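Asks: Take a look at the letters that make up each chain.
Number of protein chains: 2
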Amino acid sequence: MLVSALLTSVGINSGLCVLFFVLYSILRKQPSYYEVYVPRLLAEGNSKRRSRFNLERLLPSPGWITKAWKLSEEDILSSSGLDALVFMRIITFSLKVFTFAGIIGIFILLPVNSIGTQLHEIDFADLSNNSLDVFTISNVKSGSKWLWIHFSAVYIVTIFVCCLLYFEYRYISSKRIAYFYSSKPQPHQFTILVRSIPVSFGSGVSESVESFFKEFHPTTYLSHVVVHRTNKLRSLIHESKKLYKSLLHLQSGPSHQKYRRIGLFGKRVDLVDHYEKKLEGIEQNVRLEQSDVSLAQETRAAFVSFKSRYGAAVACHLQQSINPTHWVTEQAPEPDDVYWPFFSSSFLRKWISKLVVVLACILLTILFLIPVLVVQGLTNLSQLEIMFPFLKSILTITFVSQVITGYLPSLILQLFLKIVPPIMEFLSSIQGYISHSDIEKSACNKVLWFTIWNIFFATVFSGSVLSQVSIFLDPKNIPGKLAVSVPAQASFFIAYVVTSGWTSTSSDLFRIIPLICSLATRCFKSANDELEVPSIPYHRDIPRVLFFGLLGITYFFLAPLILPFLLVYLCLAYIIFLNQFTNVYMPKYETAGKFWPIVHNSMIFSLVLMHAIAIGIFTLKKLSIASTLIFPLPVLTLLFNEYCRKRFLPNFVAYPAEVLLKKDRQEENDPAMAEFFNHLVTAYEDPALMPIQYSATTDSLNSPLLSSN
Amino acid sequence: MLVSALLTSVGINSGLCVLFFVLYSILRKQPSYYEVYVPRLLAEGNSKRRSRFNLERLLPSPGWITKAWKLSEEDILSSSGLDALVFMRIITFSLKVFTFAGIIGIFILLPVNSIGTQLHEIDFADLSNNSLDVFTISNVKSGSKWLWIHFSAVYIVTIFVCCLLYFEYRYISSKRIAYFYSSKPQPHQFTILVRSIPVSFGSGVSESVESFFKEFHPTTYLSHVVVHRTNKLRSLIHESKKLYKSLLHLQSGPSHQKYRRIGLFGKRVDLVDHYEKKLEGIEQNVRLEQSDVSLAQETRAAFVSFKSRYGAAVACHLQQSINPTHWVTEQAPEPDDVYWPFFSSSFLRKWISKLVVVLACILLTILFLIPVLVVQGLTNLSQLEIMFPFLKSILTITFVSQVITGYLPSLILQLFLKIVPPIMEFLSSIQGYISHSDIEKSACNKVLWFTIWNIFFATVFSGSVLSQVSIFLDPKNIPGKLAVSVPAQASFFIAYVVTSGWTSTSSDLFRIIPLICSLATRCFKSANDELEVPSIPYHRDIPRVLFFGLLGITYFFLAPLILPFLLVYLCLAYIIFLNQFTNVYMPKYETAGKFWPIVHNSMIFSLVLMHAIAIGIFTLKKLSIASTLIFPLPVLTLLFNEYCRKRFLPNFVAYPAEVLLKKDRQEENDPAMAEFFNHLVTAYEDPALMPIQYSATTDSLNSPLLSSN
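Each protein sequence line maps, in turn, to chains B and P.
Under UniProt numbering, the first residue of the first sequence carries the number 1, and numbering increases by one thereafter.
Under UniProt numbering, the first residue of the second sequence carries the number 1, and numbering increases by one thereafter.
Where hints are given, some of them may not hold.
Note that identical chains are pooled: a pair holds if it fits in a single copy or bridges any two copies.
Unchecked claim - The calculated DSSO-like cross-link candidates involving lysine-lysine, where the alpha carbons are at most 27 angstroms apart (straight line), are:
#1 Lys307 <-> Lys662
#2 Lys67 <-> Lys307
#3 Lys646 <-> Lys96
#4 Lys214 <-> Lys662
#5 Lys214 <-> Lys663
#6 Lys307 <-> Lys214
#7 Lys242 <-> Lys588
#8 Lys646 <-> Lys594
#9 Lys392 <-> Lys245
#10 Lys245 <-> Lys277
#11 Lys175 <-> Lys594
Simulated from the structure, these hints should not be mistaken for laboratory data.
Please read these numbers as outputs of a predicted model, since none were measured by experiment.
My request is simple: use the sequences and hints to build the entire structure.
Replies: Laid out in structure tokens, this is it:
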């Protein structure tokens, strides 16, 4: 790829970014778009629908940027919780790393690379006509002493990243503890989920749970709620809710809509009446089903609540029964966070569904290679010309070929990548997790490894699955193969940062899809529709930032030119996500920083991958002393990781006894606790089992008993 | 190797076995050898030193065999504990497996192999002149339909072994729980070991422990004992004990020994007086040191005892402090089982010493390949002749060459292997384990993997470390390489079973080394020397049995001829170990079956290794459908293992809450518990800190205050 092709891509994407920024600056001030751009503020009642028109509303203004810039960590923590803070810390962490690496890369490594003569001499007269390879390590002469500078850079950056990782882990760990100390008593702190409850013949799950915990935890046991299978019920309730909504819509609409012929020659009926009867019928069904379910469809799982956090922790951490596959305990999620549909109570079923999901992930990975290969074909213009000879005439136009090699491949890839997070979320959800947060955490991991495998390795080795797998079955030669293939793809990944990073982040700001949805549904919506405030899809955004981190770390000494683009991306992401957290996203749950270990692991993996590439490169460049001297680095990095696992990870899995007991004692004499315990007893009841009542309320539109969610 | 060479080896070893059996049968009846052959009975007072002579004493008798045969599991359990029972179950488990595999192997596979014609046709006229390879799978024609019989055998035996493993794991797990229920209250059930205790400036470890546990475990905390560094003290005590012994020896000996010249021209001194003074001096030192140690040399570790087993378990399983590397808890070992010398209290030091030990193990493995290579050279006579031409004339004698190829290699190997268990035990002991049992368990694992690597793989691949490692760095080709190399070494391993298995087990019975030691020290011993009852070195014997299990499982379908020899070995081992448990070995500690998971893992590894070989063999034999159809087998085996890990392993790590609470409640109102708790408070005090007093007691020989052990 030539410098000019890169510049084309940068040009297109910068244009798009500016366009998105300008449009956003204007549209966000229009009251009719408040639902898209400031749903959170609307929901919180902080933004009123001003209808007064003024000219200022039509001019783009950067006010929101300075507003976002001024936000402090305390603001984010208080408004969006610790998870949002952790997310922002990922970005600031990456900013720190790549500013440091960028200074080394641009001011030291880049000049060294470009004065090399292995490939071409740099053509200063016409910079844009140089190949990008001139700026990579490939241009340094084999055996050159200059390579020791790259060697030192690898060491220095590794040490810098490890130090930063250590301090960051410590900081977030302490924040997590502080968050727990400052939190109000919450149901999930006092509750555990018990699965695989053995039931003796003739007695129910409920009696079994009660007798077990009354026997073995008599002083701390408070209450329990048995989990029911309510899939059918939930769909009934959903149906009645939909019916209720259209009924509301009908009643508020013009009166001629209220009558319609049933069938072709049927008589005109009062639709309102018709719907109301139908609704009553469904509600009857729901009530029947509810009494049925509460009697029969018990699963062998229950939420068990305790009188203290420590009591819950003790019951959770100790193996309860002689058979370790019975009475399997885990921490309960927040009541709103519970995800019921795919709940599996048996130990064996959960295990099998996990295996199935692993297989599905492997299958998905293999299938996904097809679009990746197509994309790869595009970067090799000559190959494309051979395959489609009729394109030859078009491809000779400079601009077209530049767009095709510089922009199109990563755009296609990005579109395909868009569907991965929802698929992974679905796979995680059938894996037997009980909460949205666990599902997203697991999906986050899946998406991350999927991205690394399918974007990084598939692009680098640009081959079929089998050839990829065969490379990993031959671990001795991995560094050598990486050293050959990774630098060759530098220009693709620089373009990828610009396309996928810059544009997709700005389109996040502009919220294209919600905007389209909002425009499309505007005519069908009634004013009574609830405003849906979205939550940030961590499983989409964290892997993306982390993947750019991986690209930055692996390429910083190979092709330092990637770093400025990466820094621009990170700055954009910083401002945009700060803005979105205050205006758009509402936290759906709070894991109190449990996403950080994923970040840490990904960074460690990036470092070790970078070391493997370095070993290969130095061998390839005939500087074998350097490649030998790199060897201790991955070992030390992994040892460092092992230390961090021991030092910090336990605090992210569970809270220590010290903290739990202190917190319990703080509240021992709090009179508000009695009320809290009353609430706790019913906190985990299935919303589908709550009584619902829509039909009678359709007459009085303003006070619907929306007890079901 | 020819059948005749194998028969030579079998002949020599059978002769040795018979010799050992006869000698044992005679010597065990001689009162002067009671210390060697029935030390346990002597120590328990069940065997009196009969001095009446009769002829029967000089005739070998098989009475001990029938006696051992009649022992039931209950007898072993009550006399030698659950660990001994588990050990015997390893042997009976192997017996069951190889009887089943043996029936298939000898009656189905062996005939199939020998009618094959790939290598040679079998020579029925002169059976002993056939190469052993005629009886292996190598003799079956490539692509032959007969190979499906081998294929089915692999499936059937795998299923059989897995079923047996499942039932065995379940049986031992239930035995473990039953053992716990029936056990008397023991100090280690109520105690945990806490390491990395943080100490605030100005306060001691003891105060720190007390305030922490009084704050966070107020209802269950009982007492604690801080661990001290007592290495120096222990060597002083050892010295004084030795001095005391020689003093006793002097006093009981003839009077002319009591005087000796000091120096060449020095005056004659009363040695008793001299020794007594020296002893008094040392004891003075000990007392000084003791008061010093108890004040200064505290380590940051302590044994903390609780009022209930459940209390101890709760404190042990919950992370105590915000910093997970502080207040690190683990279950305490039995007081007699504590191993003090290499105690390291800090988290980081323990971690580093573990790394060092891993490195040492790798180094040892590499160094050990030298003798293995020498042994390998011996099996290739032609190579030997080239290297040492002067041996040519000797090597042409049939008997010599048969001894060299059939017997010598495994004898040398076995002698070298003798030193491995003590080295591994030493390495485990510096790894930071706190008890003999943990050390032996860890050493058991180390010896097992060392044996598998250095005997199995080194022999099979018969190459340098580098070529071995390079094979494992190329995992795709492992089955292929195994398929070529493993059957080629069948005859070596058959000889190995005979030499190492038969002879070393019978020499265990005969106890050669203790016998020589006893003969050598007989003249120096006084009657007052304590009788030392040995304990069984599990880290030597378990890996040996397991390694034979691995050989049997991997070779049963390749060279079924190995199975009869293996069965003979197992029968020998069964009788001999039963006999030794009653007569010789006294249990030193009780892990209640914690060795079983090692056995289980080793069996699973053997199965998967066998599958890998099968895949390779069937590919080699051009029956690729069979090799594809084997693929699910290792996957299913590993899944089965994973299930067992979840289903049974937790019970081997810790006792479940249910069991602990039931046991606690049983004893709640037992009046004997008050006394037990009194004893518990001091149970973990360092024996080196107990007052000692030898000097004053030398006059009255019959009541020495042997308070120190």
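Asks: The structure should be examined with respect to each hint, and the outcome stated for every one.
Replies: Checked hints:
| no. | hint | in the structure |
| --- | --- | --- |
| 1 | Lys307 <-> Lys662 | both (15 angstroms within a copy, 22 angstroms between copies) |
| 2 | Lys67 <-> Lys307 | neither (44 angstroms within a copy, 60 angstroms between copies) |
| 3 | Lys646 <-> Lys96 | within (25 angstroms within a copy, 43 angstroms between copies) |
| 4 | Lys214 <-> Lys662 | both (25 angstroms within a copy, 13 angstroms between copies) |
| 5 | Lys214 <-> Lys663 | both (24 angstroms within a copy, 17 angstroms between copies) |
| 6 | Lys307 <-> Lys214 | both (13 angstroms within a copy, 21 angstroms between copies) |
| 7 | Lys242 <-> Lys588 | within (23 angstroms within a copy, 73 angstroms between copies) |
| 8 | Lys646 <-> Lys594 | both (16 angstroms within a copy, 25 angstroms between copies) |
| 9 | Lys392 <-> Lys245 | neither (57 angstroms within a copy, 102 angstroms between copies) |
| 10 | Lys245 <-> Lys277 | within (14 angstroms within a copy, 103 angstroms between copies) |
| 11 | Lys175 <-> Lys594 | within (11 angstroms within a copy, 40 angstroms between copies) |
The structure does not agree with the numbered hints 2, 9 stated previously, though it agrees with the rest.
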